[in-house]
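Residue numbers (this note's numbering), protein chains in the order written: chain A, 1 to 326; chain B, 327 to 715.
I should point out that these hints are in silico values taken from the structure, not numbers from a laboratory. Idealized CB from N, CA, C, for every residue including glycine. Hints are supplied without guarantee of correctness; some may be wrong.
Derived, one-sided and incomplete: chain A residues facing chain B with beta-carbon distance under 8 Å [claimed, not checked]:
#1 His124
#2 Glu127
#3 Lys181
Listed next, the in silico EDC-like pairs over lysine to aspartate or glutamate satisfying Cα-Cα at most 20 Å (straight line) [unchecked claim]:
#4 B/Lys423 / A/Asp307
#5 B/Lys423 / A/Glu305
#6 A/Lys50 / A/Glu22
#7 A/Lys195 / B/Glu431
#8 B/Lys423 / A/Glu22
#9 B/Lys665 / B/Glu542
#10 A/Lys195 / B/Glu542
Per label pair, the in silico range of CB-to-CB distance [as the list claims (entries may be wrong)]:
#11 B/Leu434 / A/Leu58: 54 to 60 Å
#12 A/Gln73 / B/Leu434: 34 to 40 Å
#13 B/Ser425 / A/Asp21: 55 to 61 Å
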Amino acid sequence: MNTITLVEAVTQALAYEMAQDESVVLLGEDIGANGGVFRATDTLQERFGKKRVLDTPLAETMIAGLTVGMAAQGLKPVAEFQFMGFIYAGFDHILSHATRLRNRTRGRLSCPAVFRAPYGGGIHAPEHHSESTEALFTHIPGIKVVIPSTPARAYGLLLAAMRDPDPVVFLEPKRIYRLVKQEVADTGEALPLSKAFILREGSDVTLISWGAQLQETLQAAESMAQEGVSCEVIDVATLKPMDTETLLNSVAKTGRCVIVHEAARHSGVGAEIAATIVEEGLLSLLAPVKRVTGYDTVMPYFQLEKDYLPSVNRITTAIREVVNYT
Amino acid sequence: MKTFYLPDLGEGLPEAEISEWYVKVGDVVEVDQHLVSVETAKALVEVPSPFAGKIHRCYGNSGDVVKTGAPLVEFDIGEEATAPKEKKAATVAGTLKTSEDILEEDALGINTPASTQHQRPPATPAVRALAQQLGVDLRGITGSGPRGAITLTDVTNAVGGTVATPKPATATRSDRSGKVQGVKRRMAEAMEDSHAKVVPLTVTEEADIHHWAATEDTTVRLLQAVVAALAVEPGLNAYFNGDTLQHDYQTDINIGLAMDTPHGLFAPVIKDVAHQSTAELRQTIQRYKQEVMERTIMHQDLVGATILLSNFGSICGMFGNPTVIPPMVAIVGTGRQRKSVVAYNDEMVIHRILPISITVDHRVITGGELCRFLKAFINILEQNNEEKL
Chain A
1 MNTITLVEAV TQALAYEMAQ DESVVLLGED IGANGGVFRA TDTLQERFGK
51 KRVLDTPLAE TMIAGLTVGM AAQGLKPVAE FQFMGFIYAG FDHILSHATR
101 LRNRTRGRLS CPAVFRAPYG GGIHAPEHHS ESTEALFTHI PGIKVVIPST
151 PARAYGLLLA AMRDPDPVVF LEPKRIYRLV KQEVADTGEA LPLSKAFILR
201 EGSDVTLISW GAQLQETLQA AESMAQEGVS CEVIDVATLK PMDTETLLNS
251 VAKTGRCVIV HEAARHSGVG AEIAATIVEE GLLSLLAPVK RVTGYDTVMP
301 YFQLEKDYLP SVNRITTAIR EVVNYT
Chain B
327 MKTFYLPDLG EGLPEAEISE WYVKVGDVVE VDQHLVSVET AKALVEVPSP
377 FAGKIHRCYG NSGDVVKTGA PLVEFDIGEE ATAPKEKKAA TVAGTLKTSE
427 DILEEDALGI NTPASTQHQR PPATPAVRAL AQQLGVDLRG ITGSGPRGAI
477 TLTDVTNAVG GTVATPKPAT ATRSDRSGKV QGVKRRMAEA MEDSHAKVVP
527 LTVTEEADIH HWAATEDTTV RLLQAVVAAL AVEPGLNAYF NGDTLQHDYQ
577 TDINIGLAMD TPHGLFAPVI KDVAHQSTAE LRQTIQRYKQ EVMERTIMHQ
627 DLVGATILLS NFGSICGMFG NPTVIPPMVA IVGTGRQRKS VVAYNDEMVI
677 HRILPISITV DHRVITGGEL CRFLKAFINI LEQNNEEKL
């Protein structure tokens, strides 16, 4: 029985791909000798050597630049940014170059890189360690954004990301890194990118979320079932390119939609989903599309974390509002 | 044992004079508890305890000078080497919740095939809102919009008329023929239903209304007369079901008022006429007239009639045999008021008269009941205005 946690699934996927594709290299801070601050790259330097698992200096801009260069020259680098909050220093290389290399060189060069980072709040960490700014990446053309929510999907989606010929930002919800274990066979089978996963079937409301917030969303669905409201829960997983078909089919069935994300409200990915549903699914809607999100403030320190992150209560309140709308 | 050395109290001052001890040997102190006040060249300073524990030794008495860095207090810490304050688990990597729960779930989630046939009728929220406002059920309406969407026009047609839409009115069809829809269709169906079920009995009379003022509000007076006559024969304000033979007398008198419009026959219902004032009745009639012409009348105002009133004489006609619409059992029709030569107190006079035709469903209402109602109706109408209650 190979029951592993989400972070262990990341390790498993990296190990599998490195074993069968020599061009896959890892780089990041403390990932080699230390095995990563979350142990995501544990034992990998031992197994694959220092030339394929690089401990970089504390310099995110350099990590991003190195990654673009390596990718352009035939390697398949998987760069780790220790926390999403530190990826901003690498923004320029990612947005100005990684996403544009193929277009700029008319296909002569491309950037098959993966930029991984633990993301999201709820772990009592200091500033910069609880970022959830995936919307900054989904806005940019030329990059995919993937957020797994379970060990099995972390394994399958990371494999797919590494095999993708273009840059992928892979955000790992650290709050649930070790929360549950799941049977994940090390078969090397990837999951499709740009597919949303229906986690719970329902008929009254469609709940859409990703990452760690699916925990609260599924709990809210269970709670509402006691009140006689049947919720369908969908894990978006690949935020870009998004599987809008699955989302629209569900809303066509239920007529009501609540989107849950921990990221701040304004211009969050929830806004993109809501706009798409209204644009293409207007005829099915029985109530406004509601978003339950983090607030438009900096993520607070840990004493207020639970007030910031969408709680089960806030989600069930929103569900009741759309159910009772007409 | 732990020794607390006098710290730098600020800006590199070399020494301080002990002013007052707050603790003595043997006292048990907490972290941050004030141990002693000392006077420096600049100020009087309270010195807090860096440890929790028992005071083992105090170096110096009040008035003694202690050098910065020299021993000040010795503590007996006991077993604990660190402060009792809980260590906050805020390391750089944070605190990750762990558990041994095993997730039983397919990585691909649940496979629900997209249902192409969802039960709900397709309509935009604005159309749904209008349907709700007008009391129209969207199910059973075939949408004429794109992809079968139900439009605003579809909804208002279902009520019985076309509503003034925001865009300019489309040209009305020049040819009048076609399948009857909406209001006209309902009339066709209702009349056929009536003919199939009702056994009509019509009796006519004339009311001498020479007492009426020139500005008499005819409709209101007729409504009030119906109420008064029903007090004599309440059986005409009832529902009859021919299949069950159930004859249900209705307590409320809701009079449906026939209104002729270019779009068809409407019969908005004035509810509980018996308890409406004259002013209220006139107000309601005016409102209904406007709403019917503007096609904004609500569905709930078109249902619930217990008896009908048709003032066809306002156009033309003396007597008629108006149609009873089941489950109602009666309809009062009034013809055109006209001046006529009548015998009054054995003299020939010219009086204004109002012809009346009342039809009832003879399955359940007898001629006697009808005529007694008619007699009461006439009496009330013929009452002198001073005699009117």
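Results for each hint:
Hint on histidine 124 of chain A holds. Least Cβ distance to chain B is approximately 5 Å, under the 8 Å limit. Interface restraint check for glutamate 127 of chain A: the shortest CB-CB distance to chain B comes to about 11 Å, outside 8 Å, so the restraint is violated. Look at lysine 181 of chain A: its Cβ gets to within about 5 Å of chain B, closer than 8 Å, so that hint holds up. For the given pair, lysine 423 of chain B sits about 18 Å from aspartate 307 of chain A by alpha-carbon distance, which is consistent with the 20 Å threshold.
Simply put, lysine 423 of chain B and glutamate 305 of chain A have alpha-carbon atoms about 14 Å apart, close enough for the 20 Å limit, and the pair holds. With a CA separation close to 13 Å, the supplied pair lysine 50 of chain A and glutamate 22 of chain A stays within the 20 Å bound. Distance check on the hinted pair: lysine 195 of chain A and glutamate 431 of chain B sit about 17 Å apart at the alpha-carbon level, within 20 Å; holds. At roughly 35 Å between alpha-carbon atoms, lysine 423 of chain B and glutamate 22 of chain A are farther apart than 20 Å, so this suggested pair is violated.
Our distance criterion of 20 Å between C-alpha atoms is met by lysine 665 of chain B and glutamate 542 of chain B, whose separation comes to about 15 Å. A threshold of 20 Å between alpha carbons decides the hint, and for lysine 195 of chain A with glutamate 542 of chain B the separation of about 75 Å lies outside it, so the pair is violated. Checked against the hint of 54 to 60 Å, the pair leucine 434 of chain B and leucine 58 of chain A fails, with Cβ atoms roughly 39 Å apart. Range check, glutamine 73 of chain A to leucine 434 of chain B: Cβ separation about 35 Å, and the 34 to 40 Å hint holds.
For serine 425 of chain B and aspartate 21 of chain A, the Cβ-Cβ distance of about 34 Å falls outside the hinted range of 55 to 61 Å, so the restraint is violated.
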